[in-house]
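Q: Using the sequences and the hints given, assemble the complete structure.
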Amino acid sequence: MTSVEVTVSEFETIARDYGNLLLSTARLLVDDESTAEDVVQSSLELAWRNLASLRDRSAMKAWLVKIVMNQALSVRRREVRSATYLRNTVHAYDADIASSIAAEASSTMERLLDLRAAIRVLPIEQRAVIVLHYYLDMSIPEIASMMEISPNTIKKRLGAALRRLRELLGKDPFPEDEGGASGVTTRMFKGAD
Amino acid sequence: MSERNEFERDVREALRAEAEAGPDYRTALHARVMDRVWAATHDQPAAPPRPAVPLQRMAMMALGAAIVLLAALTIIALTRGH
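Line order of the protein sequences matches chains A and B. Quick note on the working numbering: the first sequence kicks off at 1277 and runs consecutively. Quick note on the working numbering: the second sequence kicks off at 25 and runs consecutively.
By construction, these hints were calculated from the structure, which means they are not laboratory data. If you're wondering where the values come from, they're calculated on a predicted model, not measured in any experiment. One should not assume that every hint holds.
Unchecked claim - Computed spacing ranges between beta-carbons, pair by pair:
(1) B:36 - A:1446: 12 to 22 angstroms
(2) B:36 - A:1354: 28 to 38 angstroms
(3) B:97 - A:1325: 50 to 60 angstroms
(4) A:1293 - B:79: 47 to 57 angstroms
(5) A:1421 - B:81: 51 to 61 angstroms
Backbone N, C-alpha and C fix where the C-beta goes; we use that ideal spot for every residue, glycine too.
A: Take a look at the structure:
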């Protein structure tokens, strides 16, 4: 099979088609808007430079999402090693406390705001799995293939992320969590654009 | 709806709300991205620097210099021997 060949103008259409999805995904993986924009910008440039490595044009969406995810993970890991991490950790700690307090709130809006803050507290590996599964509707095998780790690890990571979110919200674990993440569902990658 | 399903639904809603809480790609970023793509398109990879004198020619010159030096030393040795 030959590699995908596209002109700049075709690539411009691809960027327009997937740009919002990529920016939304990046926004969920990093902590501020300008970093999310940088991640998407560098990801699309990288995609343009490496289009020859893409063998199947129908895999374009998953390929672009993978590039964005890798770029975001790389940014987050760099942040962890830098002084920025200290500041973000303090913010995350504040969010942690805020989410515990707000857990008592009963309205839907407050509950969702609280959950958004709690998602930001998750370690990046857990956050990535949550985003891919619940935002992009990717199945566990698809996430495993994209992240190049076993489906079982993804399942455990997803279960751990859900448990952590419940903890942060001051909720009891699910009854079925006693034996692991058995309740994690699988579904096909429908996309969220 | 089970508690797990309800919680998963909330997670989806929270993610969607967070993902949409920002500017649109076309407004915020598309022009910048395409500038970078155009720059990358015209960006020729730098060729490795070529030596001023080709290697084969340098080797021949070194060999020639060695022969001349050897000949000179031989002449000196022979003339001093007398």
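Q: All hints are to be evaluated individually against the structure, with a verdict given for each.
A: Going through the hints against the structure:
no.: 1; hint: B:36 - A:1446: 12 to 22 angstroms; in the structure: holds, 21 angstroms
no.: 2; hint: B:36 - A:1354: 28 to 38 angstroms; in the structure: holds, 29 angstroms
no.: 3; hint: B:97 - A:1325: 50 to 60 angstroms; in the structure: holds, 58 angstroms
no.: 4; hint: A:1293 - B:79: 47 to 57 angstroms; in the structure: holds, 51 angstroms
no.: 5; hint: A:1421 - B:81: 51 to 61 angstroms; in the structure: holds, 54 angstroms
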